[in-house]
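A.B. asks: Chains A and B are the protein sequences, given in the same order.
Numbering of the first sequence is given in numbering that gives the first Met the number 0, commencing with residue 0 and proceeding in unit increments.
Numbering of the second sequence is given in numbering that gives the first Met the number 0, commencing with residue 0 and proceeding in unit increments.
Among the hints, erroneous ones may be present.
Unchecked claim - With a straight-line cut-off of 25 Å between C-alpha atoms, the simulated SDA-like cross-links for lysine to any residue are: (1) A:Lys30 - B:Ser59; (2) B:Lys115 - A:Leu206; (3) A:Lys229 - A:Leu206; (4) B:Lys236 - A:Trp94.
No lab work stands behind these hints, which were simulated from the structure alone.
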Amino acid sequence: MAKPIPIEVRNLTMAYGGFVVQHDLNFSVNKGDIFVIMGGNGCGKSTLMRSLIGLQRPTEGTVLYDGIDFWNVDPDEHERLKRRLGIMFQGGAMWSSLTLAENVALPLREYTDLSSRLIDEIVSFKLGLVGLAGFEDFYPAELSGGMKKRAGLARALALDPDILIIDEPSSGLDPLTARRLDTLIVELRESFGTTIVLITHELASILGIGSNSVFLDTQTHTMIATGNPKEALHSGDPKVRHFLTRGEA
Amino acid sequence: MSAETNKSQWHLRTNRSDENSLEVSFTGRWCLDQALPPPDLLMDELPDGIVHIIFRTNLSSWDSGFLAYISCLIKLCAKKGIDVEQVGLPEGVRHLLAMAAAVPEQKNVGRPHVKKNIVYRAGSATIEFLRGVPEMLRFLGEIILSFGRLFTGKTRLRWSDLWWEIEEVGPRALLIVSVISFLVGLILAYLGADQLRMVGAQIFIADLVAIGMVREIGALMTGIIIAGRTGSAFAAKLGTMQVNEEIDAFRTLGISAVDFLVLPRMLALMLMVPLLTLYSGFVGMLAGLLISSSIFDIGMFEYYHETINALELKHFMVGLTKGSVYGAMVAFSGCLRGMQCGRSAEAVGEAATSAVVTSILLITISASILTILFYQLGI
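Turn these sequences into a full structure, and let the hints guide you.
C.D. replies: Laid out in structure tokens, this is it:
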């Protein structure tokens, strides 16, 4: 029997009222992919992410995780599927009344039976992975935007998710930190076999670590290319080439 | 050492390879969804004389649970001066451990942990309050200067903002003001009826309700309603703007945030609260009329006539003056707390709460001062 595909997007259409953001999206994300959802500003990348993570029901079509219809299962299964996802929001979305350590520990305390000692160790380890060792007792308001973002990634990693969905990982980060984050993403894929979805328009990340991609077009409101981003550099579609070469090709 | 249940298939074995070295072998499944052993246990059972630990692994699967265990073990070994050989760990574990340790831990970045007893907290609150007074006065000064610019035509008030605020704080508050004022009028009528019945002067319920509502209670109740409804909204809105750096954007452009954001709100409340006060007085008197005629057998015309006789222009002036002052106090508190807001969701909540508390405090203080002042002036 063939292994189920971690993520399948089928005939997905997303709209706000009468305004169709994207329509007829069809693509699959394979296990261990670093899958990039790319496109210009306002093309609907973040709206697609909201549909992938259960925050916005698509107008038409659906999303399947391991062959299970995410939007048409019973609520318990829907919740179980959501727990398999680790989400890093664009601004980090850290809970402001909790310290960084408490933010990262909350999912662990909620869903595991680990001892406090091990939870504390996991928290320190995850914060260390994103370069925030020593900031355990800080509140999000005391951190810079880039630090909040990295803390958001540490929280997303708390439960070692099967699928990690990251919205704009490198925007607002200095080049070294951005590079470090890219290395971490690759390492997570290599070590845990995590399937990673990146929503971004940072070319360095797209071309540096992306193994597969979909390109969403702002004008036609649908996908116009899929495949390895490096191959997309030579795409027959001029919009994709323009995007990936900053308008030079 | 090994797991007992089927789900927890982790195994941990130790073997003394020589006098100074211990081999620690990890096999099976080491994952977060199991009850993994505490790392201290291994250290507690460590034989004497061990200065070198060698990790061996044959894992069916592992995740952050194993990483955390190993990381903790390494730290404990370091504390005891025991050397650790990591070559036997899976490559992924070694990479991730190296990545987590790549950026050195930031030392001395945490805040000192001071035990906060009641004396400490009371002292801190007092210092905080005293520090807030000059800031409050500075904000008051900025508002006065802004009004000065308005009257000398040096500021461009956005009329659309003012109209929007007027609608928001006036007409939209009518329903809640009506309900509260009617019920307060009713309470006053009952209170008066109970006392005045003893001297056979129930007709004076009209005087009590009319003067009480128009002169004092209408303004006071309106002030409190507006503090809860509008003052908190001002603080939350300005606080959110602070979080989004919108106020910083005004400052960097050299545009006075007070002229742009505070002035329309101050004007709107100073204009609308007196009108709401008049309305509140009217609704309270209506409640008194209905209750007196239906419950206490006082004729409607009789009640109306007594009310007209009781009310003088000065009572309206007192009520209107108090309404204006209370409106200004609520607008001042709401805007002050909003502009002072921190940069988090929690700070916005604190600003809204603080705006209501400050408004009610200032309303009560100004009510007392005005009452004494009007008494001394014989008004």
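A.B. asks: Is the Cα-Cα distance between B:Lys236 and A:Trp94 25 Å or less?
C.D. replies: At roughly 20 Å apart (the allowed maximum being 25 Å), A:Trp94 and B:Lys236 satisfy the hint.
A.B. asks: Given the hinted pair A:Lys229 and A:Leu206, is their Cα-Cα distance within 25 Å?
C.D. replies: holds (6 Å)
A.B. asks: Would the pair B:Lys115 and A:Leu206 pass a check requiring their Cα atoms to be no farther apart than 25 Å?
C.D. replies: Given pair B:Lys115, A:Leu206 is violated - Cα atoms ~52 Å apart, limit 25 Å.
A.B. asks: Does A:Lys30 pair with B:Ser59 here, judged by a C-alpha cut-off of 25 Å?
C.D. replies: Within the cut-off at roughly 19 Å; holds.
Violated hint: 2 only; the structure is consistent with all others.
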